[in-house]
Amino acid sequence: MTNTEIRPVGPEPARTRKSRRTGQIGKSSGSTAATTIRTRGTRLLAVLFLAPTVVGIVVFTVAPIVGSVVLSFFQWDVIDDPRWAGAANYRKILTDSTVLISFRNTLVFMVLAVALQLLVALVLAIAVNGRMPKWLRSVFRSAFFFPLVLSAASISVVMKYLFNQDFGPVNWLLGTVGVPSVPWLTSENGAMAAVVLAYVWQQFGFSFLLFVGGLNNIPKEVHEAASLDGASGVRKHLAITLPLLSPTLLVASVVGIINALQVFEQPYVLTAGGPGDSTRTVVMVIYETAFEQLRFGEASAVGVLLFALIMAVTALQFRLSRRYVHYQ
Amino acid sequence: MTDSLLPRRALMRYGAYGAGAAALAGVAAGWDRLTGADIPGRDDGSLVIATLGSAFNPEAQRALRDGFREVHPDIRIRINPVQAYDWSDFFSKILTQIAAGTAPDLVYVATEGVQLFAQRLGVPLDRWARRDAAELRTYFADVHPSLVESMMYEGSLYQLPVEFNAADMYLNTRVLARTGADLPDDDWTHDDFTTLLRAMKRSNGDRFTPYFWTNRLWGGVVPWLFANGTNLLTESKAPGGDWLWNAFYPEAQRRGRGGGYRWTTPLADSDRVAEVYDYLSSLVQEDLCTRPEGGDGRNLVGVFSTGRVGVTPAGGFWAGGLHQAGMKPADYDVRYFPRRRTRRHQFGAAGYAMLRTSKLRDEAWEFIKYTARKDVMTQLFAANQTTPARRSMVDEARYRETGPAHWQVFYDTLDKIPTTGPIPAPPQVNEVEQLLIKHTGTALSSPGAVRPALRRLQGDLEQAMEREV
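Chain order of the listed sequences is A and B.
Residue 149 in this note's numbering is what sits at position 149 of the first sequence, and the numbering runs on without skipping anything.
One gets this note's numbering by counting positions in the second sequence from 1 and adding 1000 to each.
Check the hints yourself; a few may be wrong.
[Claimed, not checked] Below are the SDA-like pairs computed for lysine to any residue, each with C-alpha atoms no more than 20 Å apart in a straight line:
| no. | chain 1 | residue 1 | chain 2 | residue 2 |
| --- | --- | --- | --- | --- |
| 1 | A | 92 | B | 1456 |
| 2 | B | 1093 | A | 92 |
| 3 | B | 1201 | A | 175 |
[Unchecked claim] Pulled a few chain A residues facing chain B out of the computed Cβ check, cut under 7 Å:
| no. | residue |
| --- | --- |
| 4 | 51 |
| 5 | 53 |
| 6 | 275 |
[As the list claims (entries may be wrong)] Pair ranges (Cβ atoms, derived):
| no. | chain 1 | residue 1 | chain 2 | residue 2 | range |
| --- | --- | --- | --- | --- | --- |
| 7 | B | 1182 | A | 264 | 35 to 41 Å |
| 8 | B | 1462 | A | 264 | 44 to 50 Å |
| 9 | B | 1419 | A | 264 | 40 to 46 Å |
| 10 | B | 1356 | A | 86 | 27 to 33 Å |
| 11 | A | 79 | B | 1178 | 49 to 55 Å |
| 12 | B | 1272 | A | 317 | 51 to 57 Å |
| 13 | A | 180 | B | 1272 | 53 to 59 Å |
| 14 | B | 1462 | A | 127 | 41 to 47 Å |
| 15 | B | 1234 | A | 86 | 32 to 38 Å |
| 16 | A | 153 | B | 1287 | 27 to 33 Å |
| 17 | B | 1356 | A | 180 | 43 to 49 Å |
Keep in mind the hints are simulated off the structure, nothing from the lab.
Where a beta carbon is used, it is the ideal one built from N, C-alpha and C, also for glycine.
Here chain B stands alone, though its shape is the one from the complex (with noise of 0.2 Å):
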């Protein structure tokens, strides 16, 4: 038979092969995943910091790397500048880094990810603040504990802020001047801004935009949102954090204090919140401001500072991007934003999260007191790209060459208005924040679709908020 030879043969050594392959597999399943970090060479015991490349320039990166090795020769350290367009591009950057096991031992975190990143991957901080009390005192005297307690998440600290920004509202004063209007006042509301828009929309032409706004989490929908007395999602305060507040801040200071904030119930479908759609709905239809779709930070800088543009929400980081597009000092100016139902304001901060992956704990530790310092950040932040969180940071001799003449606002956002919060980022932040996006597109594309995406926002916010990240 040997026709049946062949086959049975083949058979037989396919059937080898497969029990080879089957060997292999199971070898390698049995196996650790191999990772990044397993790249001979990739791992050299450095402490890992991953920043937003775009926050701070090469020379600033040099100076701290250089100035904590001078304070800490036995510490080796490595900055992995990852360059995003904003937050949630480089969370997901620092995501896939950790995927591939190459995760650093800190990442600069803005309030955007503090809970996402405290839930999951961030070592609490308390135990080495409480060690370290003596020298971290005079940083939280110079801190608002708005923006402390905006990094702490169920009763514990996990960043300390070495930088914030709250959506102020910013106005080319070379536009005011074409329009023949003054600066607003301290106490604007929102029919001051919207007279204040047509105005300029009458003085200025056509093919210029009174009001620039960007769809995203910070400085969209939400300080609209927050002036009008409302949010995103139902707010609250966790527990816990007496700690903290009893060790560094004042009797005034602390109360009201907790554990952090704790963002649940989505509230999209409530009144107040159509209220600030139904107003953003009437000034895209007057042709007051840019569809959610058609304003993009990445040129908000050269159209502001050409005159296109007369108002637009930022914080004290754009002091130093219409700096460097050429504005003058006396050009621009900035102002609270418009008050409604409140004067609440909103805010994002940032600062380092240690990973429970970081073998260097207690190097992480030093690194993260060192960017706290006061001489580290003047130098880190020397071209305004944003607002320190030290309070005497922020004073007439920083904002001299860059302007506004009202810098002060900065920081008395935080200040003169106690409710400022931060901007609603629970652990779900990813999927509240892109579902916001695209529904605030939706509801502003036409007067009736307010409602209706405002329906589906709501429902599509409690199906995120339900799911465990």
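Looking at chain A on its own, in the form it has when it is part of the complex (with noise of 0.2 Å):
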């Protein structure tokens, strides 16, 4: 770097922006032209290349996001036109119990979820990245992963059948061991272990992708050397693989706690939300009070309250990376 390339910190001179715009300091008028024409269908270029995704992102994300947000202050029931009902829908949502109670059990659910979805994918993730035929660590890698193109909802209906408690498999199993009937779908804490377990099983495989990529990019170096230095497998994965793979973590958490707060199909098919309210997530609720029962001002209102949920999980977890992710 050369002394004639640092620039003073602060603004530029006026004099300086000015010649940005018209282009004539220091440089001669023609190529000034050409440079200006270049920068002009560069910027052009760069304008068509991201129309695309931007067209999408307003007319698929931001449009039905705003007109969520406006829809929460109407009464609109899709037969008659919407009425203003100002903040009504939010007064009643949150003094509704099903709803609280959605919330509720969709944050435990996300706990219980996110937690061994984890925790499942970083101990196989490890446990593949091991030594084996590679092979064998192609068909660990696809098996893993496979769950996650099915279709959740045709999952799901299967799921149902294995815990069934009369005819399902999983307690046909458990009894060949002695375990007694276990009410896997038929009680509170049976209900959301099931659902748990049914989504973990499909969602777990992105996590592991991520977590081999991860673990990929940690040095070998690094390992032999705390190898060299005694350290024992367990202490080299606390001390080396876990802070070395927090930023990896971190994507991973950010993304299954977002989509754990959506959680629909599985409860929507395992339980309907069952016993009682035990199961019923934010998610269904919007669907059941949208098109069940014909409050899409309601149901709005519930998924802006989601929407600042997620959003508030997400920023919370980016502010304490800052403390606990470490990046190389």
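Put the complex together from the two separate chains, hints included.
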């Protein structure tokens, strides 16, 4: 770096800014014109490349979010025109026990599902990253990822049969080793456990792939140096693998939490939110309020609250990550 | 002041952007909402009919479409089979289509949705029924008046029922043989029923469930409530409807008829309702039946046909399903639902409802009439996937191949038990059913849970019924 490249800190002199607009400082007019055209061409190209994505985001993400926020201040039943409701929808849902229980259930589900998902994915990623034939590693990677490409609804239908207390193979297997029949879908704790297990079985493949990639990025020399220093396997994972994998853990947990807070198919198909309200989640309440009870305004208000919750949890994660995430 | 020039210009630029966006929003707000129907080519002037996809097989759908085209070559029709698990799921999908601005002209609607559609979306068929009375006389003579009454709302007729299903009791005869029990009498009681379940449990082992039921509005707790002389909601009749009864039914059959059912005050905290829940709770505790969340119609055919279930409530729709699952006519049979205080049974019926948004109302009526013809219904219901609403179609020939031996029970549930009525389905039906399912699950979770759960059900139902749909 030469001294001439060093620029003073602070606002640029006005003359320089002006020169950027007119292109008349320090350059001949011909080359300046060519530069301007090139710059404009580059900008136009950039805009063209970005346009499909921007249009997609505006049409399919921003507009529905804005639409939901607006709709949350109206009463709308699909059939008649919307009527202004002010904050009535918010007042109602904040005193509705089903809505409040659904937020509690969703948070409980999120904690259990994300913790289990990350743990299973990490343990399996470390195991698969160990010594084994290349073909076997490929088999494991494919097998663990495979559930992710299946439809959650069809998995849940199968899981409902597997977890059936009277006819399900899970209880039959447990029965062969003397475990009494477990009321998987018919007791509050059993139902939540079944929903979490069904969800984690399908979702852990994504975190698994992230961890496998993250593990491959950790230099082998660091582990070798720790071995020379006499560190045990567990100690190496706690002191080296986890800190160096923390950026990947952050990504996996952010994605996992956002997905878990929006869980719908598994509880909807497996338990229909029961027994009672014990597995009713926020997105289920949104669906039922909107499409079964025709209260789209209230459903939108619940959706806005869920959106705020997701944003808050994600922001908190990133804030905490400053302390706990180590970048190499 | 060069430094302040940029912010000011930027401010002006952003202000211009804002004004432009506001102008665009204003123009957009001024326009009618764009809907799916505005997509070029989407609205081709056809009469659009939404049916429950699984109700008719593809051949039947084609026959329905082609047959109608032969009779009415001037009317273009498009049948839109909506795949859904049950009626509630079906309505949700239809409402989504309405929200998208692509409402069909006709919707196949079951009892669960009759009043919801009638109140908010439906067109009364009275003027067409009066106009074509001569043509419809043979239809009404063949259809039980209770089915027709269940399709009326506040004095008007909204649908012509083409099918129905009453909750009778199916029994696996192979399980009965293993148990050493005979087919129950026509007049069996809930005590006889309990005795049979206990005997089945003793003879068939731990992995066997004597009674399987599905927690929903049709065929769940409601038939037990009817048999105990009560209901989930207070039932009464709306005034009116004389124009129909006087025109189509003889004196004996029109006595006590009105302008359709009304379901109002919840009865969940009444003693008779509690008796029913206590009884079901005792069956759950004795391991004689599935728990509310355990019963699921999706695997019922499988577990019944393989002898892992002995008894289950179902209508004529199950004869076709069991036949497809490989059961022989002698492998199962059907009986009335066991009586308690009364013999009253519950049923659900279905037919086509015309939507207010339809611009092809006369054409829609022609389609409704067409589907009520006996030859058309015979073609549609060839697989015994339901009970035809026409009495003359429920005969020995229909059930010879599929069974059951006592197929007469299906229509006799209407003809011989005149109190038989529809499941309670007010316009707030979706919320009512959701609450029923939720609180039934809680009520039957433990012996002491019945009354607290019913009190909560009562409170929630009162709120739901007060709500304007």
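message: For a C-alpha distance cap of 20 Å, please report whether residue 92 of chain A and residue 1456 of chain B respect it.
response: holds, 18 Å
message: For a C-alpha distance cap of 20 Å, please report whether residue 1093 of chain B and residue 92 of chain A respect it.
response: violated, 26 Å
field: Outcome for the supplied range 27 to 33 Å, where the beta carbon pair is residue 1356 of chain B and residue 86 of chain A
entry: For residue 1356 of chain B and residue 86 of chain A the Cβ distance comes to about 29 Å; the hint holds.
message: 41 to 47 Å was suggested as the range; check whether the CB atoms of residue 1462 of chain B and residue 127 of chain A agree with it.
response: This hint is violated: roughly 56 Å between Cβ atoms.
task: Using the Cβ atoms, figure out if residue 1272 of chain B sits within 51 to 57 Å of residue 317 of chain A.
output: holds, 54 Å
field: 43 to 49 Å as the expected CB spacing between residue 180 of chain A and residue 1356 of chain B, which holds or is violated
entry: At 56 Å between Cβs, range violated.
query: Are residue 1234 of chain B and residue 86 of chain A spaced within 32 to 38 Å by their CB atoms?
result: Holds - the Cβ-Cβ distance for residue 1234 of chain B and residue 86 of chain A, about 35 Å, lies within 32 to 38 Å.
- request: Please test the hint of 49 to 55 Å on the beta carbon pair from residue 79 of chain A and residue 1178 of chain B.
  value: holds, 53 Å
message: Between the beta carbons of residue 180 of chain A and residue 1272 of chain B, is the distance compatible with 53 to 59 Å?
response: Since residue 180 of chain A and residue 1272 of chain B have Cβ atoms about 35 Å apart, the given range 53 to 59 Å is violated.
- prompt: Would the hint on residue 275 of chain A stand, with a C-beta cut-off of 7 Å toward chain B?
  reply: Interface hint status for residue 275 of chain A: holds (4 Å vs cutoff 7 Å).
- request: Please verify that hint: residue 51 of chain A, Cβ, nearest Cβ of chain B, below 7 Å or not.
  value: violated, 17 Å
- prompt: With a cut-off of 7 Å, does the beta carbon of residue 53 of chain A approach a beta carbon of chain B closely enough for the hint to hold?
  reply: With a closest approach of 20 Å, the residue 53 of chain A hint is violated.
Violation of the numbered hints given earlier is confined to hints 2, 4, 5, 7, 8, 13, 14 and 17; the remaining hints are satisfied by the structure.
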